[in-house]
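**Q** Just so you know, the sequences run in chain order H and Z.
Numbered per my numbering, the first sequence spans residues 1 to 396.
Numbered per my numbering, the second sequence spans residues 1 to 396.
It cannot be assumed that every hint is accurate.
Treat identical chains as interchangeable: a pair holds within one or across any two.
Straight line, CA to CA, 30 Å or less: simulated DSS-like cross-link-like pairs of lysine-lysine [to be verified]:
(1) 196 x 116
(2) 161 x 283
(3) 58 x 188
(4) 2 x 188
(5) 2 x 162
In case anyone wonders, no lab produced these hints; they're calculated from the structure.
There are 2 protein chains.
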Amino acid sequence: MKYGYSGRMANLNGTATREIFKLLSRPEIISFAGGLPASECLPKKEIQEIAAGLLGGKDAMRILQYGTSEGFDDFRDALAHYVGKVGIHGVKRENTLVISGGQNGIDLMLKTLIDKGDTVLVEDPTYLAFLQILNSYEGRAVGVKSNADGLDIADLTEKIKKHKPKLLYVVPTFSNPTGKTYSAANRKAIAETTAKYGVTVLEDDPYGKLRFSGESVPALKSFDTCGNIVYITSFSKLISPGLRTGVAVGESEIIRKMTICKQGTDLHTSNLSQLIVKEYMEKYLDAHIKDSLPLYRERKQAMIDAIDRYMPYLKHTDPDGGLFIFGRLPGGLNATQMLPQAVERNVAYIQGSVFYAGGGHEDTIRLNYSNANTEQIERGIKSLAKLIEEKIGGRK
Amino acid sequence: MKYGYSGRMANLNGTATREIFKLLSRPEIISFAGGLPASECLPKKEIQEIAAGLLGGKDAMRILQYGTSEGFDDFRDALAHYVGKVGIHGVKRENTLVISGGQNGIDLMLKTLIDKGDTVLVEDPTYLAFLQILNSYEGRAVGVKSNADGLDIADLTEKIKKHKPKLLYVVPTFSNPTGKTYSAANRKAIAETTAKYGVTVLEDDPYGKLRFSGESVPALKSFDTCGNIVYITSFSKLISPGLRTGVAVGESEIIRKMTICKQGTDLHTSNLSQLIVKEYMEKYLDAHIKDSLPLYRERKQAMIDAIDRYMPYLKHTDPDGGLFIFGRLPGGLNATQMLPQAVERNVAYIQGSVFYAGGGHEDTIRLNYSNANTEQIERGIKSLAKLIEEKIGGRK
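Sequences and hints are given; from them, build the entire structure.
**A** Dropping the structure here:
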């Protein structure tokens with residue numbers, strides 16, 4: 001049978017991330033490739049108790065029956081309150097949409113806005129899956145220059161004028177892949193610039209609460225003066241990715257459009273997941289995050305230390321939170337070509353080039369530190385250093 | 001803020017179904033509008049036990065971490081075996097994709113196949129949400145004539161030749177909205193005709209196992225000789241809609257493409273939902289369906305009896321299973337116009353016109369009998385009959 005695929009399929013391959021997940025099922029692999037939260041921090045006992053209580057109590061029937069696409073009203077109210085913690089105030093129920101994880105929020109936003117050929121501005125480099133989802137709408141990503149402070153506002157302005165983008169997509173706190181955080185001043189400038197030119201913004205904040213050093217910065221959305229910013233966050237890194245639950249926050253008009261899109265894609269997010277997250281959020285979340293941070297801090301530090309020790313030639317970021325370090329290999333080494341050899345030696349990373357809107361940057365790599373213990377981190381970095389040195393002919 | 005919506009949004013409104021769900025939260029309403037399974041049949045005790053066991057046992061960590069977009073391997077194997085019960089044999093793991101309910105399966109299929117302007121053939125009338133999702137891909141639905149036996153094969157052939165459709169979409173067992181079931185001979189003819197012309201088929205089977213009278217007919221997919229048919233079924237009507245879990249079955253090539261699309265829309269279906277359904281399926285499902293059928297049979301019969309008693313002028317279907325009766329109002333009454341008046345009298349239905357690819361058929365209605373008890377069914381039909389008679393000036 002020859003199927004008549006849609007045009008979008010020509011641009012779609014399995015994301016590098018998902019394909020690598022499969023490769024990594026070999027137990028001897030030390031993986032710096034994924035973006036998984038530390039398994040040690042997944043609160044299985046509390047979730048077990050909550051699930052049993054919910055299904056045995058007054059909420060059982062509303063969990064088991066159909067729900068509405070917006071999500072449960074009481075959960076939405078709780079979420080409206082929750083985002084106050086990142087400086088987003090005045091949020092009402094109608095400004096919220098329960099999403100099946102951050103990925104689902106990105107998809108719904110692009111479905112709402114993007115026609116074939118439309119331009120979206122992104123930080124260069126940016127979240128790989130965003131680029132893939134944009135491909136599925138046959139949109140076009142244009143990279144905006146960035147610096148240690150955040151986006152380059154002059155370049156942002158120029159590219160807005162030149163490309164008339166439908167959307168700007170950013171991960172301003174502990175960015176994927178670089179781990180970078182935009183300053184408050186930079187956020188304010190982004191909000192002002194996009195408001196001035198009427199550009200919608202999608203702020204993706206999956207990692208913001210995983211801050212183990214430095215000072216918190218309010219969400220980009222908190223600088224929104226005209227309703228052009230939609231904020232999404234998920235509980236995948238804070239409670240459990242397997243539950244597939246998050247929230248989108250924005251003006252009721254655009255949230256309503258995203259809700260209509262959600263009706264057609266998965267009808268609604270799992271009711272059981274919604275109420276598990278709601279109760280966990282109310283009872284445990286703040287303390288749980290506080291308890292989890294030392295482990296993340298320790299692992300990041302172990303990776304930084306191992307890099308300093310075994311591959312001092314690697315230029316790299318040093319984040320205050322989140323899951324990732326981004327580095328540049330020495331001697332123009334090609335990270336894509338080197339990956340199979342690394343995996344042969346039981347260590348995996350993701351080549352940085354896949355995070356760039358226009359590709360290139362073949363000598364960059366993304367290293368995840370959250371899902372390996374310190375001993376594995378030490379061993380994995382050492383093994384990777386050995387491979388690099390073989391390829392460049394010694395330590396340089 | 002003026003958002004730059006995508007072209008598809010012009011065609012998308014909240015589905016009639018979802019909007020009516022909200023209206024129906026008033027407790028005094030007797031609703032024949034939805035498509036909810038009987039709440040009495042949702043197995044809350046068993047699901048509570050299963051969830052507690054899963055989260056307290058060896059599966060806890062794989063439930064809480066990220067999963068793969070395809071779904072859990074062991075669940076997929078179980079699903080491959082499960083569809084054998086509707087005559088689909090020889091299914092391997094790679095022929096299955098776990099979906100977040102039937103809606104998600106439809107969305108992924110259309111994402112895989114449909115470009116703007118592409119034609120899809122559907123039975124006229126067909127599932128409302130299918131038409132809405134097709135709108136979101138800016139595809140065009142063309143209705144195929146049908147009769148008591150299934151699709152009109154001559155009309156199907158003619159429309160395939162004329163429109164060169166990307167897809168044929170059918171609900172061959174207890175169709176939504178009519179409750180009709182295609183004969184085995186008709187299924188064979190559909191399989192042969194679509195194979196001959198290389199048309200991909202989506203067989204949607206959410207209700208097939210809810211048969212309370214008559215003889216089972218094998219799935220349309222069981223007549224597939226060339227791999228052109230993709231079969232989707234969900235556990236929403238059999239176990240719980242709130243868990244959002246189902247399966248798509250097809251050739252590995254197209255399942256792979258749908259999986260890539262799923263990576264971008266919700267990453268994967270809730271892990272907890274997957275394993276709850278798996279265990280429920282293995283331990284309880286067959287017996288649970290058997291136990292549920294008398295209630296569905298009783299409610300359908302109560303509605304048929306009430307129609308015969310109070311509105312003998314209503315021409316209607318009399319299904320052997322599923323959730324719906326489809327009827328034609330007397331005197332050319334307009335069901336859309338009458339709906340607000342019916343809701344004022346605390347009874348709701350869905351106007352049939354929304355199920356037709358080209359609209360029209362304003363005098364038709366869909367009545368759901370699964371989510372009201374027999375006393376409510378009697379009272380609701382009586383009340384509806386009174387309204388109709390007021391409008392047409394007495395019983396005719």
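**Q** Against the structure shown, which of the earlier numbered hints fail to hold, in ascending order?
**A** 2 and 3
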